[in-house]
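As they're listed, the protein sequences go chains A and B. Quick note: the first sequence uses numbering that gives the first Met the number 0, first residue 0, plus one each step. Quick note: the second sequence uses numbering that gives the first Met the number 0, first residue 0, plus one each step.
Calculated directly from the structure, the hints in this document are not laboratory data. Don't be surprised by glycine CBs; every beta carbon is placed ideally from N, CA and C. Careful, some of the hints might be misleading.
Stated by the list, open to error - Short, incomplete list of chain A residues facing chain B, as computed with Cβ under 7 Å: (1) VAL13; (2) VAL150; (3) SER161; (4) THR170; (5) ALA172; (6) LEU204.
Unchecked claim - Just a sample of chain A residues kept apart from chain B, beta carbon distances all over 10 Å, derived: (7) ASP37; (8) ARG50; (9) ARG68; (10) ILE77; (11) GLU81; (12) ALA90; (13) GLU151; (14) ALA157; (15) LYS178; (16) ASP185; (17) ALA216; (18) ALA219; (19) ASP234.
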Amino acid sequence: MAREFIEVAAVTDVGNVRQYNEDSIAVDAENGILALADGMGGHRAGEVASRMATEVLVADLAAATAGMRPDAGPRGTIFALESSINRANEAIFAAGRADAKYGGMGTTLALAVFRDDRVTWAHVGDSRIYRVRGARMRLLTRDDSLLRDQVELGVISAEEASQSHNRSLVTRALGIGEKVVPHVADDAAVPGDIYVLCSDGLNDLVEDTDIELIVGALQANLPLAARHLVQAAKDNGGFDNVSVILARVREPKVAERRGWFARFVAWITGRAG
Amino acid sequence: MAKLVLSTGGTIVHQCFLEQARVTIGREQGNAIVIEDPAVSRAHAAITAVGNDYILEDLGSVNGTLVNGTPVQRRILQHGDVIALGAFHLRYVDSRASSDIDLERTMLIGALVPPTGSAPADAMPADPDEVHVPSARTPRAHFPKGYVTRVTGPRVGETRELDRVVATFGMPGEGVVVVTRRPRGYFVTHVEGRVHPRVNGQSIGTETRELREGDVLEAGPDRLQFHLR
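Kindly generate the complete structure, drawing on both the sequences and the hints.
In structure tokens:
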């Protein structure tokens, strides 16, 4: 088996208050695919929507990337993400129409695919993706949320936002219409970088500076860092379900990346890197 | 459903539910809430509904708008807020405040439409990191205050406050520990390295251990004594 390109730790937790966990996470470390979703909808439909999203996406993308030529390039991966997200959207939308108890269900999404020294990510709704490089963290996604719109348009200030009740109002979601337009971006996957995918149950309760501190300080032990993030959200109240996926880009071995034999093996097995 | 309760001298004179997108308050007839008091301006303040929020704005009144005794230009109303208007008090009552948890449920809403002429939401700032939306509230939990003092080495006697969620000690590769601040106290856990941390001379392996007043913690080359304030 090829050496995995990323190291992953993931945790999902119901939190302190909720009865059910409507978040779902799915990881295929071997193929470098991470998916996290925060479902919404009456009764337990949110659970169904988020699980459908993560499971459909991971399976679909594993198949799509396996069938891709090694030289398909970044555009190929972006196209695969957009297509898979729309297939997941259609599946959730159809399920919602077929069964009244699932009517109106939907889900947010944070998705990352690591492939050929690149990382491609996508999101819908208010689930986030951050990148920690060294000890510094950056937010890579723009929440589809009323609160974010309010702050950007100057309706309220960033300080006032902490007083708002609009935190959980998302403006875009999977499964609520026939089509969805995800936000997709990509970049070089730099060894040592850590990508953080999370549901709003984390970043609503733990300040970015504390997320940065925890991931930065505990990056030598990713499972411990993931557990600490969830614990911090619960210690600060844990009003919502909380989920986090951490993925570190491994140091490549020069021979694996550059050697003609390794490249040849990658080519015949359909895997590069 | 949120409502406003108008009172003067301790007597409730009027109540209204916030059902409209915008409610104006002033002395002049034509305001949704008319307050006949010389200290109130003709058009004094307005309350606008945005999603789950009601945002109070002063409309350039002569005497200003006070919420809970503090002058405000704009404020997202919070359950129990009292707006002072001359001899009158307007109390904001949000019945949803008692069911706080339901408010946290993720729901779908239409995107906010930018003012005419500005860019659509999709074309707004290229770098998401430029706009910071802070976390929800200051934690309701209370955290203890602890610190450690070095008991050996060149920096003996040096004190470090444990005022963040985590603090790490030790040396990468050899032995690193994390001290975690939680509502119930401080806890120590091994992070990495071949040497596991010791508390009062005993190895804790990979278990998490609560720190007690006076405990001596060994992490790699560091020897530290833990204290609570």
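So, going through the hints one by one against the coordinates:
| no. | hint | result |
| --- | --- | --- |
| 1 | VAL13 | 13 Å, violated |
| 2 | VAL150 | 6 Å, holds |
| 3 | SER161 | 5 Å, holds |
| 4 | THR170 | 4 Å, holds |
| 5 | ALA172 | 5 Å, holds |
| 6 | LEU204 | 6 Å, holds |
| 7 | ASP37 | 6 Å, violated |
| 8 | ARG50 | 15 Å, holds |
| 9 | ARG68 | 31 Å, holds |
| 10 | ILE77 | 17 Å, holds |
| 11 | GLU81 | 15 Å, holds |
| 12 | ALA90 | 18 Å, holds |
| 13 | GLU151 | 5 Å, violated |
| 14 | ALA157 | 5 Å, violated |
| 15 | LYS178 | 15 Å, holds |
| 16 | ASP185 | 15 Å, holds |
| 17 | ALA216 | 5 Å, violated |
| 18 | ALA219 | 4 Å, violated |
| 19 | ASP234 | 5 Å, violated |
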